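**Student:** The primary structure of each chain is shown beneath.
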Amino acid sequence: MAHIRVPEGLPGILGPMAISPETTKALRELAEVLLRGPNTLTSAEREMIATYVSSQNDCRFCQLSHGAAAAEHLGGDYELIDRVKSNYASAEISEKLKALLAIAGKVQKGGKHVTPEDVERARKLGATDKEIHDTVLIAAAFCMFNRYVDGLGTWQPADPRAYREMGQRMAHVGYVRPNWEEPVEAA
Amino acid sequence: MAHIHLPEGLPGIRGPLVFSPDTTQPLCDLVEVLLRAPNSLTMAEREMIATYVSAKNDCYYCQTCHGSTAAQHLGGAPADYELIAQMKCNCEAASLSDKMKALLAIAGKVQKGGKHVTAEDVERARSHGATDKEIHDTVLIAAAFCMFNRYVDGLDTWQPHDAEFYREVGKQTAALGYVARDWKQPLQTVSSNRAAPARP
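Residue numbers (this note's numbering), protein chains in the order written: chain A, 14 to 200; chain B, 93 to 292.
Hints are supplied without guarantee of correctness; some may be wrong.
Stated by the list, open to error - Listed below are the simulated BS3-like cross-link pairs for lysine-lysine, each with C-alpha atoms no more than 25 Å apart in a straight line: (1) K122(A) to K207(B); (2) K276(B) to K119(A); (3) K98(A) to K119(A).
Since the hints were made in silico from the structure, they are not lab data. These figures come from a predicted structure and were not determined experimentally.
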């Protein structure tokens, strides 16, 4: 049971979002620009960073929903996302993304854990200042979202299919569509 | 030196905010709503929650800016700054309401991680009159500052150690808020002539 009263049947973050429309608007706009705005990092890469940080924070709802979004951006490659969460160093992703995930992992522990060596490694593999900035901010933002979802004790569905549907919406429709909580035809 | 090339001379979060305008707008909208929109928690109380979490995260820039803003909302006297200092080092012993102490305890749990918040923490806050919205907002402010602190420190931004600077930040923030601000503008303070550290 959630720590506060939220509308029935809304999973994870959607429950608290429903009772606080003004903060919800800003949170949705932040997620949209971070994960789907024009960027040299693909949406799949950015959702992978979000998913990795959420798994490090042990937030089930966020890692499964954003993991599904990442997979959907890649045409349904759920196994890759599982490998990124469990051992990204050996996953079939670019060396640059591995270096960015290392930075994200440091941010998850705390901002001061990021070292010049972490950043230099990413740069050597082609990461730009903007990509490093965005990696840090995505990781930081998911340290917020994970705490919001778990800090209020939200209901988190057990059925993996629920997350697949969420992931499809997140990947193909995004975060700022009105009436977010209503069912939508999967793309 | 910051981990990326940020605009010269802008302290703390301001460098990244100017560097990345697309993300700045929702970040500023969020903090404006969280800390200044109409609320049964005062602006001072909400800035205190932000300050407390930032201190727990050992983020010097955030705790000092928001601590000063909280103190300014209370009147800006030395006693107000002293209250903020007491709150940071031992909030249970500070001269705060029981409800505020209970909300700060929740915020401290969120700082460790969302799952650290217990039903007992929440019940304690309720027993002192906290509403669902106040509990929601406490959790979200604490969570948001776990983001802002990581953003500021994760990029290793320049953070001045100048009491007058933070006093001025507090005054300006308390008066002007977080939106429709030109973050490129340096603060005009007595010590603003002091340049940012020379960088290669």
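**Student:** Now tell me if each hint is right for this structure.
**Tutor:** So, going through the hints one by one against the coordinates:
A threshold of 25 Å between alpha carbons decides the hint, and for K122(A) with K207(B) the separation of about 16 Å falls inside it, so the pair holds. At roughly 29 Å between alpha-carbon atoms, K276(B) and K119(A) are farther apart than 25 Å, so this suggested pair is violated. At most 25 Å may separate the alpha-carbon atoms for a hinted pair to count; K98(A) and K119(A) meet this at roughly 15 Å.
Of the numbered hints given earlier, the model fails hint 2 alone.
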